Amino acid sequence: MNENETELRVQALVDGELTGTEAEALRTRIEGDDALRELHARLTAVRGLMHGAELPRPLPEPGDFHWSQISNAIQYEERQAKRLARPASGMGSLLRWVTPLAGLGCILLLLTSPSRHNGPPDLGILLGSDHELELSADEIDVMTFNTGDDNMSIVWLDYAIDLRPDTLQLWLD
Amino acid sequence: MPEEPAYSSAEDPQLVEWAKAGDMSAFEELVSRHRDRIYVRAYSVMRNEDLAVDLSQNAWVKAWQRLDQFHGEASFPTWLSRIVTNLCLDELRRQKRARMDSIEAMEETTGPVENRLEMETVDPVEGLDRQELRERIDAALAKLSDKHRTVIVLYEFEQLEYREIAGKMGTSIGTVMSRLFYARKRLASLLNETLKRDGLIE
Amino acid sequence: MKRFTVMVATLLIAANGHIAAQADSISVQARLVLGTSKEQKDRMEASAAIKKKLAQVFKWKHYYELHSKRMTIADASTKSAKLSRAASIKVTNKKNGKVAVSLFSKGKMLVQKTQNLKPGSHMVLAGNTESDSAWFIVLSKSK
Chain A
1 MNENETELRV QALVDGELTG TEAEALRTRI EGDDALRELH ARLTAVRGLM
51 HGAELPRPLP EPGDFHWSQI SNAIQYEERQ AKRLARPASG MGSLLRWVTP
101 LAGLGCILLL LTSPSRHNGP PDLGILLGSD HELELSADEI DVMTFNTGDD
151 NMSIVWLDYA IDLRPDTLQL WLD
Chain B
1001 MPEEPAYSSA EDPQLVEWAK AGDMSAFEEL VSRHRDRIYV RAYSVMRNED
1051 LAVDLSQNAW VKAWQRLDQF HGEASFPTWL SRIVTNLCLD ELRRQKRARM
1101 DSIEAMEETT GPVENRLEME TVDPVEGLDR QELRERIDAA LAKLSDKHRT
1151 VIVLYEFEQL EYREIAGKMG TSIGTVMSRL FYARKRLASL LNETLKRDGL
1201 IE
Chain C
2001 MKRFTVMVAT LLIAANGHIA AQADSISVQA RLVLGTSKEQ KDRMEASAAI
2051 KKKLAQVFKW KHYYELHSKR MTIADASTKS AKLSRAASIK VTNKKNGKVA
2101 VSLFSKGKML VQKTQNLKPG SHMVLAGNTE SDSAWFIVLS KSK
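Protein chains in written order, with my numbering: chain A, 1 to 173; chain B, 1001 to 1202; chain C, 2001 to 2143.
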């Protein structure tokens, strides 16, 4: 066992993660080793310091506002859940099949697109659902998604627009 | 007219039962009782006020949705604290992915000499009141890397075991032990500096 | 008397309609933002709120506001704004709080997005630039 492993085992002993004969053997070893005894004492001191050391902080926004945000979000989620649970009929039943296929198509398009390395990183994002998107006739790869909190919808285009300022417009502004 | 339940005098388990039955007012009372604590836990991990507020709000929404899964094995605030901690870990993972931040490359050096726990003067904190000590520890925690701080929060504040932390962080028990050791080492050294600088120790 | 009643009713309906039309006009802020990992001290940083929103999702460290334009759009009408030499947007205030935003580059439409843009939420049109950075057009509806 190297020194580093021994240090970690002493820590495990302090943290109560070692039991039985293993703990006993290490205790005996610590008693006969000044450096380990010191390490054990210091780790115990740090543990003691940390006990209950989390600094209390008041929420930085009024409680009723906090609650209103929570209750709005709960109601929003419940409305969404109800909408999704509504029985499909007519166009709805068609969409029920088309939407997963379209989603699969988007994923395949993204996976096979040669430009995907230039796109945004793996974001863990949700595909947007209640948004309408119309594309130009040009073949521009597009992906759409919402952030988890649904406060931001994003349309990502594989297209570089000219960012240089419009000097005439700036003058008019 | 039926009398409104006495929310403010009801115990948490009673409020939880009412909330499970769809009583939003009971849930509001639970939020009002524990919102600061949940926010503090989120802040301890994220060290960002806005994110901590957002994540604690999300935790309450998730709690409402999962109330049926709460059977009282732990206290309600402990259960909720687990939810907010999980959301914080997800957020850290998402930030790491989004920013391609190489947190892995942080200072987990393993040389035997430089890794000695240098905290010869950690214990002379007598004379500091608990609040002052908490503030100094908080300032030191803010200087830790995300992973070191997270492991400290999970172990010391959330009181999880090594294996539970390993599960949550998606890593091995050995890595958890190592991170905890170096986080403590760094904390001790930071506390030492600040206490020395303020003349509280020599 | 009956005629007078009809006239008053008509005036009330018209006045009400006028008020409703005023109430239905929306104010939209469009910002052209550059996301980059290289600090560019000569540029103006995007607001903290926009930076936070974008940094939550994207990898870039710095977000600079290149241009910003506020538009007040009456119900069922459209306004355009040029955000750079080649990029412009057209925003239509549709019914029921929906807005349709079309992005044009060199006069050609690239994409049109229609959605219910709630106050406090953002619609973002974005893409890479030629270097390792990105452009964002962030549309927000004023509260």
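The set of hints was computed from the structure by calculation and includes no laboratory data.
Be aware that one or more of the hints could be misleading.
[Claimed, not checked] In silico DSBU-like cross-links for lysine-lysine, where the CA-CA straight-line distance does not exceed 35 Å: (1) B/Lys-1143 / C/Lys-2051; (2) C/Lys-2094 / C/Lys-2106; (3) C/Lys-2059 / B/Lys-1168; (4) C/Lys-2106 / B/Lys-1062; (5) C/Lys-2061 / B/Lys-1096; (6) C/Lys-2059 / C/Lys-2098; (7) C/Lys-2059 / B/Lys-1020; (8) A/Lys-82 / C/Lys-2095; (9) B/Lys-1168 / C/Lys-2038; (10) C/Lys-2061 / C/Lys-2038; (11) C/Lys-2051 / B/Lys-1168; (12) A/Lys-82 / C/Lys-2041; (13) B/Lys-1062 / C/Lys-2079; (14) B/Lys-1020 / B/Lys-1143; (15) A/Lys-82 / C/Lys-2141; (16) B/Lys-1143 / A/Lys-82; (17) C/Lys-2094 / B/Lys-1062; (18) C/Lys-2059 / B/Lys-1062; (19) C/Lys-2106 / A/Lys-82; (20) C/Lys-2094 / B/Lys-1096; (21) C/Lys-2094 / C/Lys-2038; (22) B/Lys-1143 / C/Lys-2038.
Quick caveat: nothing in here was measured; it's all calculated off a predicted structure.
Each hint tested on the structure:
{"no.": "1", "hint": "B/Lys-1143 / C/Lys-2051", "verdict": "23 Å, holds"}
{"no.": "2", "hint": "C/Lys-2094 / C/Lys-2106", "verdict": "25 Å, holds"}
{"no.": "3", "hint": "C/Lys-2059 / B/Lys-1168", "verdict": "24 Å, holds"}
{"no.": "4", "hint": "C/Lys-2106 / B/Lys-1062", "verdict": "46 Å, violated"}
{"no.": "5", "hint": "C/Lys-2061 / B/Lys-1096", "verdict": "12 Å, holds"}
{"no.": "6", "hint": "C/Lys-2059 / C/Lys-2098", "verdict": "30 Å, holds"}
{"no.": "7", "hint": "C/Lys-2059 / B/Lys-1020", "verdict": "40 Å, violated"}
{"no.": "8", "hint": "A/Lys-82 / C/Lys-2095", "verdict": "24 Å, holds"}
{"no.": "9", "hint": "B/Lys-1168 / C/Lys-2038", "verdict": "34 Å, holds"}
{"no.": "10", "hint": "C/Lys-2061 / C/Lys-2038", "verdict": "8 Å, holds"}
{"no.": "11", "hint": "C/Lys-2051 / B/Lys-1168", "verdict": "29 Å, holds"}
{"no.": "12", "hint": "A/Lys-82 / C/Lys-2041", "verdict": "49 Å, violated"}
{"no.": "13", "hint": "B/Lys-1062 / C/Lys-2079", "verdict": "40 Å, violated"}
{"no.": "14", "hint": "B/Lys-1020 / B/Lys-1143", "verdict": "41 Å, violated"}
{"no.": "15", "hint": "A/Lys-82 / C/Lys-2141", "verdict": "27 Å, holds"}
{"no.": "16", "hint": "B/Lys-1143 / A/Lys-82", "verdict": "45 Å, violated"}
{"no.": "17", "hint": "C/Lys-2094 / B/Lys-1062", "verdict": "34 Å, holds"}
{"no.": "18", "hint": "C/Lys-2059 / B/Lys-1062", "verdict": "27 Å, holds"}
{"no.": "19", "hint": "C/Lys-2106 / A/Lys-82", "verdict": "44 Å, violated"}
{"no.": "20", "hint": "C/Lys-2094 / B/Lys-1096", "verdict": "39 Å, violated"}
{"no.": "21", "hint": "C/Lys-2094 / C/Lys-2038", "verdict": "39 Å, violated"}
{"no.": "22", "hint": "B/Lys-1143 / C/Lys-2038", "verdict": "24 Å, holds"}
Violation of the numbered hints given earlier is confined to hints 4, 7, 12, 13, 14, 16, 19, 20, 21; the remaining hints are satisfied by the structure.
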